[in-house]
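Put together the whole structure using the sequences plus the hints.
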Amino acid sequence: MATTLAPVLTDTLDAARSWRLDTYRAHGGYEGLRRALTQSPATLVETVKASGLRGRGGAGFPTGLKWSFLPRPDGGPRYLVVNADESEPGTCKDIPIMLGNPHALIEGVVITSYAIGSHHAFIYLRGEVVHVYRRLLAAVDEARAAGLVGEDVLGSGFDLEITVHAGAGAYICGEETALLDSLEGRRGQPRLKPPFPAVAGLYARPTVVNNVESIASVPSIVRGGADWFTSMGTPRSAGFGLFSLSGHVTRPGQYEAPLGITLRELLDMAGGVREGHELKFWTPGGSSTPILTAEHLDVPLDYEAVAGAGSMLATRALQIFDETTSVVRCVSRWIDFYAHESCGKCTPCREGTYWLKQVMHRLEAGKGAPGDVELLLDVSSSIFGRSFCALGDAAATPVQSGIKHFRDEFEAGMHTPAWELFPYQASSVFGVGAR
Amino acid sequence: MTATTAYDAATAARLRADADRIVARYPQARSALLPMLHLVQSEDGYVSPRGIALCADVLELTAAEVSAVATFYSQYKRHPNGTYTVGVCTNTLCAVMGGDEIFERLADHLGVGHDETTSDGAITLERVECNAACDYAPVVMVNWEFFDEQTPAGAIDVVERLRAGEDVAPTRGAAKVCTFKEVSRVLAGFSDGRADEGVGAGPRTLEGLRLAREKGWTAPELPAPAPPAPGATKPAAATKPAAATKPAAVAKPAAVAKPAAVAKPAAVAKPAAVAKPAGEQPAPAPAKAPRAPRPRAEAGSVPPGKPQSGAEPKQPGKADAKPRSATRKRPTTDGEKD
Chain A
55 MATTLAPVLT DTLDAARSWR LDTYRAHGGY EGLRRALTQS PATLVETVKA SGLRGRGGAG
115 FPTGLKWSFL PRPDGGPRYL VVNADESEPG TCKDIPIMLG NPHALIEGVV ITSYAIGSHH
175 AFIYLRGEVV HVYRRLLAAV DEARAAGLVG EDVLGSGFDL EITVHAGAGA YICGEETALL
235 DSLEGRRGQP RLKPPFPAVA GLYARPTVVN NVESIASVPS IVRGGADWFT SMGTPRSAGF
295 GLFSLSGHVT RPGQYEAPLG ITLRELLDMA GGVREGHELK FWTPGGSSTP ILTAEHLDVP
355 LDYEAVAGAG SMLATRALQI FDETTSVVRC VSRWIDFYAH ESCGKCTPCR EGTYWLKQVM
415 HRLEAGKGAP GDVELLLDVS SSIFGRSFCA LGDAAATPVQ SGIKHFRDEF EAGMHTPAWE
475 LFPYQASSVF GVGAR
Chain B
2 MTATTAYDAA TAARLRADAD RIVARYPQAR SALLPMLHLV QSEDGYVSPR GIALCADVLE
62 LTAAEVSAVA TFYSQYKRHP NGTYTVGVCT NTLCAVMGGD EIFERLADHL GVGHDETTSD
122 GAITLERVEC NAACDYAPVV MVNWEFFDEQ TPAGAIDVVE RLRAGEDVAP TRGAAKVCTF
182 KEVSRVLAGF SDGRADEGVG AGPRTLEGLR LAREKGWTAP ELPAPAPPAP GATKPAAATK
242 PAAATKPAAV AKPAAVAKPA AVAKPAAVAK PAAVAKPAGE QPAPAPAKAP RAPRPRAEAG
302 SVPPGKPQSG AEPKQPGKAD AKPRSATRKR PTTDGEKD
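Chains as they are written, first to last, in this note's numbering: chain A, 55 to 489; chain B, 2 to 339.
Hints are computed from structural coordinates only; laboratory data are not their basis.
Because the structure is a prediction, the values reported are computed rather than measured.
Be a bit skeptical, because a hint or two may be false.
[Said to hold, decoys possible] Restraint-style ranges between C-beta atoms, simulated for each label pair:
| id | chain 1 | residue 1 | chain 2 | residue 2 | range |
| --- | --- | --- | --- | --- | --- |
| 1 | A | R71 | B | G155 | 23 to 29 Å |
| 2 | A | Q412 | B | G112 | 25 to 31 Å |
| 3 | A | T401 | B | E61 | 28 to 34 Å |
| 4 | B | P28 | A | G211 | 18 to 24 Å |
| 5 | B | S192 | A | S435 | 47 to 53 Å |
| 6 | A | G485 | B | D197 | 34 to 40 Å |
| 7 | A | R416 | B | A64 | 39 to 45 Å |
| 8 | A | M468 | B | D193 | 49 to 55 Å |
| 9 | B | D21 | A | A199 | 19 to 25 Å |
| 10 | A | D195 | B | D168 | 23 to 29 Å |
A virtual CB, placed ideally from N, CA and C, is assigned to each residue, including glycine.
Spelled out as structure tokens, the structure:
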């Protein structure tokens, strides 16, 4: 096997009371902060740039570069906002990190705030995970009591407040400008860009918005240096990341590995597709990334190679579906999701998801009309690239990629219900097809 | 603002005091609105007209502005909620893995559909969207606590125990599921002292780590800590990462004997370099942990760090302070949609 796992953020999760400050410190926690405070902010930005860390929230934008876009200090406030609104279907990495290792995030927040000159940072957590919220609140309290957050952090003269904020259930708030509107107490709808958050973000002030895993990776980069980080991964997709296997796999779970590992390698580690079944299709990074099939098992899971295969690495949310699964059913349900979560701000997404949903429902029920597949492609192409934010593109994606790989199943929806072609019980873990 | 009087004086005063504490967390008061709506639910079990009026009054908004926000988010209830929200994930992956069947069986059993409440007021049943626990599918959330790897029979057992007034523990969460109102108060940002209850990680979360321990796989070793810059820091840090408040952790590189660290026998000299069972020191490079970067086919054809894909917005950026000549990158969507 070419690639092995590289636990960093998950490395302490098997320790007793892993979420506590003393546990974190016993494993080197806050060493990165201590070191960061001896360096200039500009040096830290350069280190993170040199590490090649790319945003772990989906888009893969270089994190250090994002930081460097902030305008020069003008004496007014600037903010760090952590996007902890993890809700892309299939994505389940940030929540377990925050539940079991919240201090990795808090330490990253302090270092990043110091690097970008922010004195008030926010963690925007989705509201539907109350225990994670408890752990984050407690972690900030612990850090404050230990002088790691608050006034004069570790005697450095640097002050930082952290506010942990719970959202209230809206996928769109994972889009960074919608998140900012939501954090300002408004409906979570995306903003027109430009101006970008670096220039006019929270309260129209310069703001960096980063994903949880990105920020939680920063302390290790400060401790290990850019070379340490780039010793993992591929030249343009450096470092480690959590790969989240779910679905029809023997041992679903979190596998922290260098970028560039393949699904074949990960499946080997996870015991393979559930016994007696074979891989049919999968998502590399959640439902918003075009589905792939068994022919892509050896595609290196880095940004470039997955893009080369016609999809996106995004959040490394590897949802595995075996041959019992109806593609039409899956796409139909994903479209339900996008229609439900469309914020309504722009017409292509609001109306387009509504119409896609109608067509997908009738195809799933075997009541499709002639021309429905063409209609789906037409509607989805009217959404893709024409909507206000990426949610619209995301909604078009499963339809387009589903038809690309499994067009015959969509055609069959004109006469046969999906549940007859693929009895649903066979797919469930407690159905007839189960282990 | 008249409806504010719908709370009795003592309740109104208490809620306003809480609201003031929420407002104090933010540079601008309006940011307090979402937590304040959670606070209203902690009192009334839904976003009530009087709660809307209170928020409007405190934040100097109109009731219409508050309602517009409240109706946007799915956690805010428009009618009185049951004591427990039982949310079955029926997004694609959980649905396929059995979530659809769980929802149907629960709906049959309880005699209610989506967003409906049992006549005893105990259970509000919901279909919920992906709750970021896909490796534990099919997932059921009860008052936003995780019930992992559920079955129809198991879910029915959970709701029956809840209706009977028993304490029910989630698989990953507090020692017991709290009521909707209690949880709403936590979501308003008021701790309930339960953070230390429950596990740090469930078995699926640990799946990769367990395998890494078994095989002796680790991330490349972190370089040794540099000597602290003179005068840089004081109380906590001066020596080793561990130092600081915790007596137990004071040790030093030598095998840290924290009980916490049991899972990784000996070793812990260099935090995070650990993980090799019994490896006193990281010399004998494990299987192949520090892997050299693999050359990739297309390496070099595009400038490094080129963001890709549909997750990026479309318009060419120019708002940035200083567009780099060669790479006009925009600080955009790290978390575009997750």
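Hint check:
The beta-carbon spacing between A:R71 and B:G155, approximately 28 Å, falls within the hinted interval of 23 to 29 Å. For the hinted restraint 25 to 31 Å between A:Q412 and B:G112, the CB-CB distance of approximately 29 Å keeps it satisfied. Against the hinted window of 28 to 34 Å, the Cβ-Cβ separation of A:T401 and B:E61 comes to about 33 Å, which satisfies the hint. Distance hint check for B:P28 and A:G211: the Cβ-Cβ separation is about 21 Å, which falls inside the suggested range of 18 to 24 Å.
Our hint of 47 to 53 Å for B:S192 and A:S435 holds, since their Cβ atoms are close to 49 Å apart. At about 38 Å, the beta-carbon gap between A:G485 and B:D197 stays in the expected band of 34 to 40 Å. For the pair A:R416 and B:A64, the supplied restraint of 39 to 45 Å holds, since their beta-carbon distance comes to about 41 Å. Restraint check, A:M468 to B:D193: a C-beta distance of roughly 54 Å satisfies the suggested window 49 to 55 Å.
Between B:D21 and A:A199 the beta carbons are some 23 Å apart, a value that agrees with the proposed interval 19 to 25 Å. For A:D195 and B:D168, the hinted distance range of 23 to 29 Å is satisfied, since their beta carbons lie about 26 Å from each other.
Every hint, counting from the list given before, is met by this structure.
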